[in-house]
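Spelled out, the chains give:
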Amino acid sequence: KNEVEQSPQNLTAQEGEFITINCSYSVGISALHWLQQHPGGGIVSLFMLSSGKKKHGRLIATINIQEKHSSLHITASHPRDSAVYICAVTPTGYGGSQGNLIFGKGTKLSVKP
Amino acid sequence: NAGVMQNPRHLVRRRGQEARLRCSPMKGHSHVYWYRQLPEEGLKFMVYLQKENIIDESGMPKERFSAEFPKEGPSILRIQQVVRGDSAAYFCASSPRVSSPLHFGNGTRLTVT
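First to last, the sequence lines map onto chains P and X. Each residue of the first sequence is one higher than the one before, counting from 1 in this note's numbering. Each residue of the second sequence is one higher than the one before, counting from 1 in this note's numbering.
Cut-off 25 Å, straight-line C-alpha distance, at most; resulting in silico cross-link-like pairs (BS3-like, lysine-lysine):
1) X:K44 with P:K105
2) P:K55 with P:K112
3) P:K105 with P:K54
4) P:K108 with P:K55
5) P:K108 with P:K53
6) X:K44 with P:K68
7) P:K108 with X:K44
8) P:K105 with P:K53
9) P:K53 with P:K68
Chain P is faced by these chain X residues, among others (derived, beta-carbon under 10 Å):
10) H31
11) Q37
12) Y48
13) I55
14) S58
15) P101
16) N106
17) R109
Think of the hints as simulated: they come from the structure by calculation, not from any bench. Yeah, the Cβ is synthetic: ideal placement off N, Cα and C, and Gly gets one too.
Generate coordinates for the entire structure from the input sequences, incorporating the hints supplied.
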């Protein structure tokens, strides 16, 4: 079993729909990251969070430390949101460095016009 | 302020040759991380470096792979005597402080023929 599991693996939505991507992890963490990988391959860091909720534009990320679960929500989805969304965690015990990450396999999102 | 720069974007090497991948972190960032994304697989942490020091190389293959981040110049990931299994996308990320969010480069896609 992977230490970071994402669901769904693939997701197709119509433009305007509300989207939720889930991430569960099985290790102790100091932070959880949501990343976006575009079809061209580049990676953008969307959120880094260790508790509660963060919002940036149409994107919302939440984390429940007790349940070891995080969700990424996209409101009013748009075709330009089509990408692979990757959940990653910084396990505890690495001196606080955020970069020693364990990655999920990603959720491929396709938003149709 | 330019983002994290990786070059080359694409690199083709024959089996047995050496591959050198470069990563210039964002200005003011002294922490550099390298990751590998094998075809159809998730990202995996390889190595974490600060200026002139390797901090964590727990994800690096024991043979043929090495990394450096000299006082001047970019960080280099070096793969000696490449094999077909080394074909992958290699990403680097940087941060200004150990607990800061990461900024990713666009990756180098290595193809070994």
